[in-house]
Structures are given as C-alpha cells and as structure tokens.
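Chains as they are written, first to last, in the working numbering: chain A, 1 to 255; chain B, 1 to 485.
Hints may be right or wrong, so weigh each one.
To be verified - Cross-link-like lysine to any residue pairs, in silico, SDA-like; alpha carbons within 20 Å at most:
1) B:384 x B:327
2) A:112 x B:446
3) B:171 x B:53
4) B:444 x A:214
Think of the hints as simulated: they come from the structure by calculation, not from any bench. These figures come from a predicted structure and were not determined experimentally.
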Amino acid sequence: MKSPLLEIRNLHVSVDRHQILKGIDLQVNAGEVHSIMGPNGSGKSTLAQVLSRRDAYEVNSGEALLNGEDLLAMKPEEAAWAGVFLAFQYPVEVPGISNAYFLRTAVNAMRKARGLEEMSAMEFLPMFREKLRLLEMDDKLMNRSVNEGFSGGEKKRNEILQMAVLEPKLAILDETDSGLDIDALRVVAKGINAMRGPERAIVVVTHYQRLLDYIVPDFVHVLVDGRIVRSGGPELARELEETGYGSMEASTSAA
Amino acid sequence: MSSNVNAIRKLAEREYKWGFVSEIESESVPKGLNEEMVRLISAKKHEPEFMLEWRLKAYRHWASLERASAEPKWANIRYGPIDYQNMVYYSAPKQKPALESLELLDPEILATYQKLGIPLDEQKRLAGVAVDAVFDSVSVVTTFKEKLREAGVIFCSFSEAVQQHPELVRKYLGSVVPYTDNFFAALNAAVFSDGSFVYVPRDVHCPMELSTYFRINAAETGQFERTLIVADASAYVSYLEGCTAPIRDQNQLHAAVVELVALDDAQIKYSTVQNWYPGDREGKGGIYNFVTKRGKCEGVNSKISWTQVETGSAITWKYPSCILRGDNSVGEFYSVALTNNYQQADTGTKMIHIGKNTKSTIVTKGISAGHGQNTYRGQVKIMKGAVGARNYTQCDSLLIGDKCGAHTFPYIEVRNSSAKMEHEASTSKIGEDQMFYLRQRGIKGEDAISMIVNGFCKRVFRELPMEFAVEAQKLLSVSLEGSVG
Ligand SMILES: Nc1ncnc2c1ncn2[C@@H]1O[C@H](COP(=O)(O)OP(=O)(O)OP(=O)(O)O)[C@@H](O)[C@H]1O
Ligand SMILES: [Mg+2]
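Just chain B, with the same shape it has in the complex (with noise of 0.2 Å):
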C-alpha cells in the first residue's frame, strides 16, 4: 500500500498556479458596509435612479437578517464569523476600462490574463469564444463585441447593459433571484459592481461561445459579481465562466448571482470552471464561494443545462438551479466538485417542476482526497400541475485516502402522482486493486489517480464545451498533481 499512500499524498500537496498578485493601481473605497456605501458603489457606476433603489431594498433587507444572524447555517460547512465591516466593497484598476479597445487597457492587467491562459488580444484570441474580463469589482473588456454586434447578439458587461439597454436590465434583474432570496443573495443585490450580462434575441443561434474570466487580485476585498443572462424565444447560447485568484493567507468572500431565463424553445448551456484559490495545505486561506446561480425556463420546450467543474476555493456553497416553468421544458445539472486538503463544498441542485411534462437530469461526481469533505445537497421537487415530470439523479463519490469525506442530502417532493423518479448514488473509494492494475501497466501512481478520476468524470466532461473539456481534464489532473516536477 505504502507506494498507493505516497502518489496519494502528493496529491494532496498539489501547487496553485494561479496564486500570483499584479501590481496595478487600483482605486478601493474605504472598508465597510452601510447605506452610504450602497450610494457610493451605485455612483460610482452613475446607476440610473431604478438601480440605486433596488439596492438600497436590497441593502436593508440584507442588514435586517444580518441582525437577526441569519446567515445560512444548514450546510455541511464550517468557517469563523466572517466581519462584513471589515471587508472592501469596492475595488477597480485605476485606469478606465477600456470596452471597446485593447491600446486603451493597462498592459500589466492584459499580462495578467495572458499568465492565466486567457489571451485578449486580437491575434491570439481563442477562435470562437468572446471573453469577457472581470477583474476585481470590473469588467475591463470584451472581446468580440463587434461580431456578435452583427448577429444581434448583446454580450457586454454588466455595468455597460445598465447605461445601454436599461429596459433589458430593469426587465429580468431579480427576476429569477430575487434580492430576498437568501443573506448572500441580497447582500450581492446590495453591492455588486459588475458581471456580465448576455442578450440572445428571437431565432438567433449565438455564433460563439461567450465567457467571462473572474479574476480576484485586490487584498480583503470581497467580489460581487452579477451576471444575467436572456435568450429570447428560439435562441441559443452557450456561454462558459472561469475564475481563479491570489494565494492570500486572508478568506476572501466571492458572493455572486446569476440568473438565466429561458424564452419559448430558447436553450441556455452554462458552464463553469471554478478555480479560486483553495487555501494551503493546512486549510489556511482561500476564497469563500458562496454562491446564487438559478435559471428559468419560462417558456415551453425551453432547456436550461449547467455543467460545473469545481476544483477551487476554501469553501464551495452553490446550488445551480432550473425553474421549469414551461410545459416540456428540460433542466440539467452535471457537477464535478473536487476537494482537497481541507477544502469543503457543499454543492447541488434544484429541480423545480411546475409545467407539464418537464424533464430535469441530475449527474454530479464528487471527489474528496486529503481532508476534504464533499456534500452533495439536492432537491427535486414535483408541483400539482406538472403532470408527467420526470427526474434522473444520479450522485457517485469517489474516495482518495482515509481522511476525507462525502455525504449526501437529496430532498425530494412529489405531489403530483404521475411523476417518474429514478435516483441512484454510489461511494467508492480509489482501490487498490483499481491503483494495482493501472501501475502494472507501467502507469505511474499519481497518473493512475487522474485516470481513474478523469473516468469517474467522463459523463460530467462530455457536457462541457469542446474547447473547455480538455482544458477542464487538465485541470483536474493539475489538481491531482504532486508538487515534485
């Protein structure tokens, strides 16, 4: 076993990549939440009158349940109080951002991306994805803006969409998370500061992958970052987000929304690659992930998919989910969700049947190796009306060591006796007849691991886009990987 014990420890003291700071001025407000702040931020943006009074609602809702300390205590997580007064609410790059030109863009913020892998520059673009960048609390530009321009399509950030097509924004903004939502989904209403906001019009068939790139690089500041996403009827879109951040001895809080809604026969696919940084090796350090992400397939025949890929961050706190609406209309959540060290995520879904003859699947891997505790929390619920609904869960966890966990919460509510309901769930753990046979096939220890993990997490993978799948088994491997080169 000795030699299984060491390809997995070095696993478990994998290096982030990611963890590097960029010198770049940056312009913060002064630590601390109030009304005043809420003000400064909707300023700042030179918000129309609408977005500053959904804030402030926000605003005095999120602090009446702060009072009442009703954050969230039911999920299999463990962290200190975190000090809302001691955190920035607000940080950009001094420099203006620059949306519609690259000579404008501070170059030390475009060798940044180019250090993560994103290029933005013209030549060495990804072929066939636009990039939107968020760094810090902005978004600092967006790539391929012209060519989607052509095809109708509005793919802009968030704070651009206010000043551009409020009409849209005042539309759908909270129209799926409302502000009283939850504490982090308010508190996020209350002071987020960018994000993306995405427009497919009727008929129009997105020609490209859309994506944005979260990037954290400001010190004990939290991110808050909103994206909306609209396909209107018959439209199409794929759209992909990446994030990752510097290796900070400090918890730093990522507190975003998202919200998809999904016309008649519309179809949204949305996938994420979650990398912030997940702490050291004792568990000292990393993001907090707390995050709202739901969609509404408003119309019939609509379907809204998320696939996510969760490697990073301290703590994972997120629930991708699809109001099916629409009758026919299809929901899917396909999640990987690895944690390492003392990484901790508790990660699922919701499944909310109301129309007729709606569909949802659910397909999640969990992974837990060193101290890392993985919690699959999910739930399908079946309403009066939706005669016929149909669900698939299937939850597998797969074991690296002795010392980590995983656990499982489905929920599930029928009232509607139509329904069909299929649900299964394995644990195994990485054998040693499983590592055996791989290493006697002349596969190193620690590669014998990423292949066995890579395998556990096909179906999941075959969901993402062609050009992030490879990337995101990379990724899992790196995450696997022993710091010995």
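Just chain A, same shape as in the assembly (with noise of 0.2 Å):
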C-alpha cells in the first residue's frame, strides 16, 4: 500500500501561546474531496496555514506527512514546491506585479524546484489562456496588479485560477466560496471540480452545504474548538445545515 498523500497525526498548534489546534488526526489520500467545517474561530484557517508552513504558527506536537515526508520541516516555498497549494480566505494584493508576470514567476519558481527547463511565455500563454476561459475570467485581470482593486469575488476567483495554473497536488481551499454570487459560486466550483483527479487530492473549507451542492465531498469533517469532532460522508454537512454546530460539541463533551 502506498502511503496517504497526507497525514496528520495529533497536532497541537499554538499561536501567542495561545492553543488552538489540540490533537487532529486526518488522513487524505490522492483522488479524495474532503470538506472541513465549523464554527468561526474553530481552527480552520490555522490548519490551512500551519499545513502550508506560514511560520507564525508554533507545533508543539504531532506531526504532518506530505507523502511520508515531515511536512513541518518545510518552509512555505518548500511546501509549495511539494504540491502544497492554499487558497487563501483573504488573498494578498501585490501592488504593480502583474497577474500574468506573478503567474508565470510562480509557475518558473516551482519548475526550476523540481529541476525543469523554465516555461517561456510563449510556451506560458496557451496554458494560462485556456485556465481563463475555464474560469470565465476577464483578460483584463491579468494586466493589473495582483488582487489589487479586485471585488472580494474576483480575488477568490483568481486564487483558483492559480490552484488551476500551478496543478498542486494538494489543494486547501479556506472558505473560496464566501463572498461569490451565484453565478460566481458555479464557475468556481466547475474550476475545482475539474481539478478533481486521481493524482490530487482537495480539502475545502466551508461553512455552507451551497458549495457542498456543487463539489460533493468524499469526507466531511467538522472542526470545533481545535479538535474534529466528527467525520463522516456528504450527509454529515446536509445534517449540520439543519442542527447547527451546537449537538457536536455535546457529543464531544460526551465522547
């Protein structure tokens, strides 16, 4: 049996020494869709950042594998290189960096890591036109600055035109579908069900079974005060859309 493409074993996370992360266990495997849910401030987003190595985080324990590597030995650009891809929930503007230049230096920086010839943008441009058109994207977009004076939902949009761009094999997306009106929450979810595939594996952070609707999940997992709680199917989240988060955390205090 090969090993999961990732692993996370009892980790612990602080940040300010305050505990945030305490104790999950989780197991992906390439080819899966898993969606995490949960209250805010359960811990989401600090597990989406820690996994893609955002260094204000302190591990006080467990560990992560990335295909049976220490993921947490990693620094950011290291993880990237290793297939790791986060969308973030607030994408970051880089005033007079062009989408396209930005791009393509990203798609360079990852080829020269793992010891490719670099892509000229003769080679880049077919590739990034068609991830447009997939994404129903304006061209336009791509001369301006990165995120700069884009909606909330352009941003979002433009985070999976990257996942698109640079074929991670693990993406985490934190929370792409806020902020998206319906026609919006449609293209993107057709962007990222494309990206579905045996080699890669998707974790979506959500807090609406809406997008559930369009990307159905392999695995649910609902994420309170630290800890997962529950996992199960596609069905845990119709079931959380009608109970709220409030009989899970019984069922911890229970457990």
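With the hints in hand, could you dock these two chains into one complex?
Given below as structure tokens:
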C-alpha cells in the first residue's frame, strides 16, 4: 500500500501561546475531496496555514506528513514545491506586479525547484488562456496588479485560477465560496471540479452546504474548538445545515 | 517569521560587484586645495581666461564658506568632518584621452568599462546609445560623435566644449546653478575637472540616447564633474548617467553639478542610475554623493523630467530640481532611493513655479533595509505670478526589517491662490502576509522581497528609457540579492 498523500497525527498548534489546534488527526489520500466545516474561530484557517507552513504558528506536538515526508520541516516555498497549494481566505495584494507576470514567475519558480526547464512566455500563454476561459475570467484582470482593486469575488476566482495554473497535489481551499455571487459560485465550483483527479486531493474549508452541492466531497469533518469532533460522508454536511454545531459540541463533551 | 528574517538578512549582505580597482598609471596633483591648485587645474586643461576667473571667484566664495564652517548641516544625514586639505583634486590616466579614436585608448581602461558592462568598442556598443566615459577626473572617450555631429548635436566632454564651443559654455555655465548656490556647488565650480556637455540645436530631436558613465578609480581622490545640457527651441534629448567606484575603506567625495536649460517647447529627459560604492556591512567606506542638479524650463511649453534610481553611495544628498519659468512649462521628478546596511539618503526635489499654468509631478519611492535611513525632502513653491499652477506629489516609503528608518519632509509654499496642490504619502512594511502569499506560490524569500520592491518602484521604472529600465530592475534585484550563490 502506498502512503497517504497527507497524514496528520495528534497535531497541536498554538499562536502567541494560545492553543488553537488541540490534537488533529486526519488522513487524506490522492483522489479524494475532503470538506472541513466548523464554527468561526474553531481553527480551520489555522490548520490550513500550518499545513502551508506559515511560520507565525508554533507546532507544540504531533506531525504532518506529505507523501511520507515531514511537512512541518518545510519552508512555505518548499511545501509549495512539494505540491501544497493554499487558496487564501483573504488573498493578498501585490502592487505593481501584474497577475500574469506573477503567475509565470510562480510557475517557473516551481519548475526550477523541481529541476524542470523554465517556461517561456510563448509556452505559458496558451496554457494560461485556457485556464482563464475555464474560470470565465476577463483577460484584462491579468494585466492588473495582483489582487489590487479586485472585488471580493474576483480575488477568490483569481485564487482558483492560480490553483488551475500551478496544478498542486494537495489543494487547500479556505472559504473560497464566501463572497461569491451565485453565478460566480457555479463557475468556481466548475473550476475546482475540473481539478479533481486521481493524483490530486482537495480540502475544502467552508461554512455552507451550498458549495458542497456542486463539489460533492468524499468526506466531511467537523472542527470545533481545535478538534475534529465528527467525520462522515456528504450527508454529515446536510445534517449540520439543519442542526448547527450545538449538538456536535455536546457530543464531544459526551465522548 | 524566522525565514523571512533570513531573507532580509541575506539582502543586507549583498555584494558590491563593481568594486574592483584597475591598474592604470595616473597623473595626480598633490593633496590639498588653495588658489594655486585651482590655477593648476585650469592650466592643465589649457582653459581660456574667463574659465580661470570664474573658478577663482568660486574658490574664494567656497573658502569663505569653509572658514565660516558653512557646510550645509540641515540634512538628515550624519558623517564625520571632511578634511578638504587631505584630498586629491585632480587625477587622470597618464595617457592622453583618446577622444576621437579608440585605438589610442589604454586597453586597461577599455577593459574596465567592458567589465562594468559598458562596452566602448564599435562592434559591441549599446545600439542607439552614445556614451561619454569619464574616468576619475577626465573624459576618456565619447562614442558615436560623428553620427551625432551629422544631426547637429554636440556631445562631448566638458573640457572639449570649453575649447571648441567657449561661447556656449560662457553663456550657460552657472546660469542655473551659480557657484554661490551652496557649499558643494562652490567647491565644484572651483575644481571641477570634466564632465559632459550637450547642445541640441533648434528643432532637432536627438537621434539617440546620450549617456555618461562615471567611474572613480584612484584612491583618496574626489570626483567633481560638471554636466551642462542645453536644449534649444523645440529640441529633444534623453540623457542617462551611470556611476560606480571601487571598494575602499575610506570615504570618497563626489560633488557634482548638473545644469539643464530648456528653451521654448524643448524637452530634456535626464535619468540617473547611481550605484557608487555604498560602504561595507558595518558602514565603513563608500562614496559621499553630494550633488546639485537643477534644470531651468526657460522657454514656454518646455519640459524637464528627472528620473533617478539611487542604490549606491554611503550618503546621498541631492535634490534634482526644476525652475519653471516659461508659461505652461512642466517639471517632473521620479525617484527610487534604496538604503541598505548603514547607507543614508536625503534626497528629493524643488519645484519652483514662476510661469503661468506651470505643472509639476513628484513621485518618490524610498526603500530602507538593514540600518538604512531614507529621507525625502521636497519643496514646492508657487510664486505670485504662477496663475493656474499645479503640483502632484506622491511619496511612498517601504521598510524592510525593523532597524531602518524612513522620513518625509515636504515643504509647500503657495503665493498664488489659484494653485492646485495634491499630496499623497504612505509608509508600509513588507508585510508578513505578502511574503507568505508569494512564498506559498513557490517564490523564494529573497525573490519575493525583490518582487515586492520592484512592484513598489514600478511607477518610477516606467519613466526610464527602455534600454535602462531592465538594467535598473536588475540592479535593484542585485542590490537586494544575498551573497549566497
Ligand atoms: N495571534 C493570535 N493570538 C491569539 N489568538 C489568535 C491569534 N491568531 C488567531 N487566533 C485565534 O485562533 C482562533 C482560530 O482562528 P482561525 O482563523 O483558525 O479560525 P477559523 O476556524 O478559520 O474561523 P473562521 O470560520 O471565522 O474563518 C481564533 O479564535 C482566533 O482568534
Ligand atoms: Mg478561517
């Protein structure tokens, strides 16, 4: 049996001495889509950012392996080279750097790190255009500075565009659906679904069933106060929609 | 945060790649400055009487300022006293300058410029760019002279201009920056040894970019060059200067003066990529870059545009300015100033609006890293008669790390109520958020910083001539690059 793509064992994480994650266990195999749900402040973004190696967090104990390798020993760019992609809950602006240039730089940084030839503008453009069409994005956005002056929805769509171009192994999407109108949600979901495949795993952090109507997950996990309190199939998300998190918290204290 | 800190540390440890010394036999004068020295410099250059008189007046003025300890003290920079008697005021390669032909040029000098990336020989020259190469105190060669002459453009060393075009020199020398202007301008007027001279006649659009490359090589020598550019009615010229110096423990003084004159409907675009030796990591050595640059928009509808990318020097003290005398004239100042390690920069501009409907634009980007201190100092003055004058100022500062500083001193003086003034300023830090975002996309820490900084400077780089925009961008990245290969 080959090892799982991502394996998290008993992960404890704190920020400024506040314990945020209190023992996470999670296994994600290639080809799977997992959804993580949970109330505000429960630690979903913390988990996403720790896995993509933001260094503001302190790992107190536990481990996270990517293809059997120690993910927590990697720098952010090393995790990225190893195939981890984070679609940010709050995408960041980079003034003066065009979206297209930024993406090509990213693609080539990845290729270089993996020992591949850099892509020329001529090779990059057709691929890039295709992904733009997939996400029904305006070419004009590509000559604008990264995320600068983008609407909330445009920023989120831009994150998924980046994922489509970078073709990660493990994509973690942090509330990509929030701030999207109904049409945009459909387009973004289409983009994400196009990325599903046997080589790739996707972890979707969301508050709403709405997104999961389009992207049907294989597993749903409920994160409450730094712990995964329940895991199940897609039906768990629907159950949550009706009962809220209250009953879940009760079930942890009972456990 | 730790890996971001690492990238910042590497950045602070950048190497200076232009710090080599060339073995060239040179002829220097003894150290020290007095009337005799001024006479000697003038005699060495076989100057006409009017030049010597002007130099002597400047010297006497400077000496009186020096006696009164009137070296400017108002700038936000710190340095020990400069011993003006312990400095060499003239140093030139022994061999005669080969102003017309490269065959006569010392191969060692040729190799020096080659190494600096400024090929002077015919085949390898930068296409479309004429270069005046100034080595220590003298101009050693000017390229593409013939082609320019056909167009009627005079582009030569200052020394040559004094011999060949004394009437033009006499008319314009000191007309924008008089020797009484300030301490360093007076010093320069007394002892300046060379520089570039440009005259573009009426209705001529200069067919190529002109540039001067300044190289300090000799030790304990000051460089005092003087550049004078005159664009006659409806003429256009774009000019660029670059500069480097060897790595030395002692500070060296560079006190230059640049004067620009634009007549009716004329345009001058002046760009600088300043990369003098900045000193080492502890702040030892480096060039004191104390420069006076000013342009006069003498004619109606004339335009002078300054663009500077200042990455070198231990200390930079310069305020390229515009006197907007002609009605509808336009002055622009675009600046990127980077201070790293212990570098200090106090730089900005003065825009003096005299004519009607005059317009000025100021865009500055200050970047501080390491222990660098970066000051923007700018003055916008709207005189009584300047009906309908307009100014737009935007000053942005970017801090990398937490040991550096950014300061802004805008002075605004408005004597005509019809003036429209706009001022924007911002200070930001390279954010952890931004760094993480770029690194999450696979871009290494150092490259991420360089990308953020380049993005920050974009508005200014856009103003550089195409040939140099890429160079400037690279230089900035190199200046930000760590010493690891
Ligand atoms: N520097 C900090 N100091 C103290 N607490 C912090 C710090 N940073 C984050 N937290 C806390 O960590 C908790 C988890 O935050 P996180 O962003 O992971 O939640 P989330 O599950 O993504 O919430 P949401 O659904 O609102 O996005 C929150 O209570 C937050 O306030
Ligand atoms: Mg969150």
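Hint-by-hint comparison with the structure:
Our distance criterion of 20 Å between C-alpha atoms is met by residue 384 (chain B) and residue 327 (chain B), whose separation comes to about 13 Å. Straight-line distance between C-alpha atoms of residue 112 (chain A) and residue 446 (chain B) comes to about 15 Å, which keeps the hinted pair within the 20 Å bound. Of the supplied pair hints, the one linking residue 171 (chain B) and residue 53 (chain B) holds, its CA atoms being roughly 15 Å apart against a limit of 20 Å. Distance check on the hinted pair: residue 444 (chain B) and residue 214 (chain A) sit about 35 Å apart at the alpha-carbon level, beyond 20 Å; violated.
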